[in-house]
Amino acid sequence: AQSVTQLGSHVSVSEGALVLLRCNYSSSVPPYLFWYVQYPNQGLQLLLKYTTGATLVKGINGFEAEFKKSETSFHLTKPSAHMSDAAEYFCAVTTYNTDKLIFGTGTRLQVFP
Amino acid sequence: EAGVTQFPSHSVIEKGQTVTLRCDPISGHDNLYWYRRVMGKEIKFLLHFVKESKQDESGMPNNRFLAERTGGTYSTLKVQPAELEDSGVYFCASSQESGSFEETQYFGPGTRLLVL
Numbered sequence: 001a002q003s004v005t006q007l008g009s010h011v012s013v014s015e016g017a018l019v020l021l022r023c024n025y026s027s028s029v030p031p032y033l034f035w036y037v038q039y040p041n042q043g044l045q046l047l048l049k050y051t052t053g054a055t056l057v058k059g060i061n062g063f064e065a066e067f068k069k070s071e072t073s074f075h076l077t078k079p080s081a082h083m084s085d086a087a088e089y090f091c092a093v094t095t096y097n098t099d100k101l102i103f104g105t106g107t108r109l110q111v112f113p
Numbered sequence: 001e002a003g004v005t006q007f008p009s010h011s012v013i014e015k016g017q018t019v020t021l022r023c024d025p026i027s028g029h030d031n032l033y034w035y036r037r038v039m040g041k042e043i044k045f046l047l048h049f050v051k052e053s054k055q056d057e058s059g060m061p062n063n064r065f066l067a068e069r070t071g072g073t074y075s076t077l078k079v080q081p082a083e084l085e086d087s088g089v090y091f092c093a094s095s096q097e098s099g100s101f102e103e104t105q106y107f108g109p110g111t112r113l114l115v116l
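Chains as they are written, first to last, in our numbering: chain A, 1 to 113; chain B, 1 to 116.
Simulated from the structure, these hints should not be mistaken for lab results.
The structure presented is a predicted model; accordingly, all values stated were derived computationally and were not measured.
No residue lacks a Cβ here, since even glycine has one placed at the ideal position from N, Cα and C.
Certain hints may be false.
Stated by the list, open to error - Estimated spans, in silico, between C-beta atoms of each pair: (1) A:G16 - B:G16: 22 to 30 Å; (2) A:Q42 - B:Y74: 19 to 27 Å; (3) A:T77 - B:L114: 48 to 56 Å; (4) A:Y39 - B:Q55: 27 to 35 Å.
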């Protein structure tokens, strides 16, 4: 069975600061990993995903994530936070033998001016 | 292209009543998923349709929940009778290609259900 752990239910950063949202996964088979973002009153939007190939994945809005198998991690980063990045972020995993997404509990990002 | 739509956006009902949620997937998407987020917890899978067939309903909490997908288009999720613990946000998602597990799932805005 797969699982996802997101460390930190709330993260606060200043505008212009580095954003780091942590995600660790557990899977007995090679994982497919996703980051979704939910802005207020909107649905979940895909930021980026890792399936195979290059372990550093670039997504929308300047976000990127690196798949590290040895650390079972898929942390999300952005070099410089913007006020518009304030939202809730979800890490999710699936594998080749199931297409249901297993989500973490989410991390709410606050950006202060 | 229209995204996944869900109706209603909010629903407040009393315990014991019935509520029906509707999801319209992206046109042409064979796969339709229902997920639920109970307050403060993770988003959890409920079930998966491929066209009009239930592919996986392992996440359905109990027999008070009934999902249908008529003609492989829109889907409804009925809760009857509703209990307090059914409160949460119900998300619908759709994806295009059957059998491709890495396919992106596109999510709707969710229906916020409150059972009093």
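To see whether the hints hold, each was checked on the structure:
no., hint, verdict
1, A:G16 - B:G16: 22 to 30 Å, "violated (52 Å)"
2, A:Q42 - B:Y74: 19 to 27 Å, "holds (20 Å)"
3, A:T77 - B:L114: 48 to 56 Å, "violated (36 Å)"
4, A:Y39 - B:Q55: 27 to 35 Å, "holds (30 Å)"
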